[in-house]
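Those sequence lines, one after another, are chains A and B.
Heads up: the first sequence at position 111 corresponds to 111 in the numbering used here, and the numbers run straight through without jumps.
Positions in the second sequence are counted from 1; adding 353 to them yields the numbering used here.
Treat the hints as calculated values from the structure; they're not laboratory data.
Built from N, CA and C at the ideal position, the CB exists for glycine as well.
A hint or two may mislead.
Part of the chain B face toward chain A, derived, beta carbon under 7 Å [as the list claims (entries may be wrong)]:
no., residue
1, D418
2, G494
3, E555
With a straight-line Cα cutoff of 25 Å, these simulated SDA-like cross-link-like pairs (lysine to any residue) come out [stated by the list, open to error]:
no., chain 1, residue 1, chain 2, residue 2
4, A, K333, A, A276
5, A, K162, B, R474
6, B, K515, A, R101
7, B, K515, A, A276
Take a look at the letters that make up each chain.
There are 2 protein chains.
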Amino acid sequence: MLEPLTYRLPITSFRMMDLNKLGEFDLIDLIAQRTPGGPGVLRGIGDDAAVLNAGNGQVCLWTVDTLLEGIHFDLAYYGPDDLGVKSLAVNVSDIAAMGGRPLYALLSLGLPSGVREDQVRLFMAGWDETARAYNVSLVGGDTVYSPQGWTVTVTVMGTCPKDRVVYRAGARVGDFIYVTGNLGSSAAGLYLLQHPAITCPEHVRLAVRQAHLRPVARVTAAVSLAESRLVTAMIDISDGLSSDVGHICTASGVGCEIYASHLPVSETVRECARYAQVDPLEWVLNGGEDYELLFTVRPDAAQEIEERLAVIGEQVSCIGRITPLGDGMRLVKGDDKTPLLPRGYDHFKGRGL
Amino acid sequence: MLEPLTYRLPITSFRMMDLNKLGEFDLIDLIAQRTPGGPGVLRGIGDDAAVLNAGNGQVCLWTVDTLLEGIHFDLAYYGPDDLGVKSLAVNVSDIAAMGGRPLYALLSLGLPSGVREDQVRLFMAGWDETARAYNVSLVGGDTVYSPQGWTVTVTVMGTCPKDRVVYRAGARVGDFIYVTGNLGSSAAGLYLLQHPAITCPEHVRLAVRQAHLRPVARVTAAVSLAESRLVTAMIDISDGLSSDVGHICTASGVGCEIYASHLPVSETVRECARYAQVDPLEWVLNGGEDYELLFTVRPDAAQEIEERLAVIGEQVSCIGRITPLGDGMRLVKGDDKTPLLPRGYDHFKGRGL
């Protein structure tokens with residue numbers, strides 16, 4: 001017999017309902033609530049990676065991501081080498097978001113009929129390039145025939161000293177909110193790939209395309225931030241800033257204010273947006289897949305953090321601050337404060353299928 | 354630039370060829386040859402699980418398996434709860450095949466449109482039952498929308514003392530070959546599921562159906578065998594006896610003789626075979642998915658191994674012996690010796706798509 005539930009939605013409204021009315025994050029709750037942590041589990045479901053006690057003052061960080069053709073990527077845009085890069089980089093980014101270094105990977109590769117060996121070789125060339133860049137060893141995996149396109153599931157294991165792991169749940173009222181690099185490049189790249197008729201200088205198109213197809217995980221910045229022990233919460237921007245800052249706020253039981261004028265947007269993305277005639281703020285807030293680090297810091301530690309990242313050549317921007325839970329999430333534009341809604345990517349919600 | 358290759362097939366014959374002419378095991382070589390092991394990697398690709406040095410005399414065992422609807426399972430046969438059981442059990446079996454105990458799991462779940470929440474709950478009920486049985490904690494995962502059916506990727510991490518890990522590569526000429534339990538039940542179950550018109554007593558149908566849908570991983574037997582330090586090589590039977598004994602022989606650089614009369618076949622499977630009018634030997638040799646342990650032992654340790662397993666109530670059968678490489682793999686039936694061809698499951702070979 002199924003057990004009665006505690007759930008966000010009224011119990012009558014979701015039994016037997018379609019999952020696309022629920023959304024991915026409710027689905028994760030459904031899975032997580034039935035599975036208590038075991039011995040050695042410092043953090044299970046609900047952060048960028050699981051955190052397992054590895055002894056000797058170290059933890060083992062562990063994450064998995066599946067990329068499906070037609071959902072996460074379109075081979076009309078992606079070369080197999082891009083897919084090799086991205087499938088590993090997004091998992092490395094999850095390890096980085098906890099403050100860890102990646103060590104090992106498993107690759108589960110589903111291939112459709114008609115795939116040629118040179119495509120698999122290109123995939124592995126992209127993978128190898130990325131594995132070398134992050135010092136990740138491929139130690140196993142499996143290969144299956146997939147009836148409907150490529151399916152790529154990557155699992156990455158990493159390590160971190162136990163006292164330096166950064167969770168989502170540590171943000172406190174008054175903390176400053178920071179982000180590394182620039183936002184919106186990946187979404188701009190996807191937009192141009194999906195709208196090839198838009199005229200745009202070639203160097204601009206290539207730059208944002210690269211950002212979308214071959215994201216960079218901020219491991220060096222993440223490890224430096226974790227070593228400082230001044231970061232109260234951290235996540236990588238995969239779903240989109242609005243959703244990911246929401247994950248920090250939910251986990252930490254706080255609200256936030258994001259200052260629109262402080263959001264780091266490259267001139268390349270602004271130029272793209274002019275050619276595409278869209279508001280770049282949409283890409284920046286909700287586009288996702290930037291894989292930059294979003295983190296919170298006590299105000300008295302802000303200067304030290306900024307100096308620390310400057311030394312290693314990492315750009316960082318203060319984009320907001322943590323507020324009491326009751327204030328919710330707000331976007332500040334000049335004197336105007338509007339609710340900031342988590343509108344980043346969700347696999348199931350509102351799919352209307 | 355892609356590098357020139359050393360490969361089983363002549364170089365001219367496989368460039369740009371379809372992967373279905375290659376076969377899964379060549380594909381694994383293609384992936385493995387480009388990725389050298391890193392620091393701490395005791396065994397990478399090529400065994401049931403990766404073996405990573407975890408310090409303190411322990412290793413971390415790590416494995417992944419993807420199950421795709423329409424390829425690995427048909428929801429006309431499988432309840433979501435069966436799928437929850439099997440997706441975890443087959444990975445636990447890979448950890449057991451190295452002599453280890455499972456500890457943690459990640460679950461990556463791809464769900465198509467139209468999936469109902471009660472189906473996900475059933476899946477998790479099957480998962481939880483299995484996780485409790487093997488003391489595995491679910492610590493993370495991801496959920497994605499899958500355009501074409503359920504995709505279930507499970508990663509399991511386990512542990513074992515470093516000096517007790519059992520690899521595929523240790524079999525030596527003269528060793529006895531053993532298998533736990535009975536063989537062919539899973540293939541018999543699949544056959545009856547695929548041929549519902551076959552009349553058969555209901556208790557027989559249920560028993561083999563259960564073997565196929567809800568396999569049992571032999572963790573207790575595996576740990577006992579590893580503790581004995583008398584086992585020279587071990588694998589679990591997933592692809593099929595003929596293929597899996599082939600994996601041991603290839604890794605160990607030896608041949609083998611399998612005695613047909615010694616193969617353990619339950620009366621239930623024999624009865625199934627009579628109703629189905631097929632030779633049960635086909636199921637036993639090539640059916641796969643039995644998840645029994647196949648292992649080799651020095652002759653002077655055979656009695657101790659048999660007694661050890663008898664004490665914990667595990668059935669074990671001596672089914673053959675290891676021979677020199679030059680003798681190949683042979684099936685012995687009475688006075689007759691015929692080549693034993695690895696004809697177990699391969700995802701890509703001979704698919705003809």
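Hint-by-hint comparison with the structure:
Evaluation of the D418/B hint against chain A yields a held restraint, the C-beta minimum of about 6 Å falling below 7 Å. With a least beta-carbon distance of about 6 Å to chain A, the hint placing G494/B at the interface is held under the 7 Å criterion. With 7 Å as the threshold, the beta carbon of E555/B stays out of range of chain A, its nearest partner Cβ sitting at about 24 Å, so the hint is violated. Note on K333/A and A276/A: the hinted pairing holds, with a Cα-Cα distance of about 23 Å set against a maximum of 25 Å.
A distance of roughly 34 Å separates the Cα atoms of K162/A and R474/B; the hinted pair therefore is violated under the 25 Å criterion. With a C-alpha separation of about 24 Å, the suggested pair K515/B and R101/A falls inside the 25 Å cut-off, and the hint holds. As the CA atoms of K515/B and A276/A are separated by approximately 58 Å, the hinted pair breaks the 25 Å bound.
Comparing the model with each earlier hint shows violations of hints 3, 5, 7; every other hint is respected.
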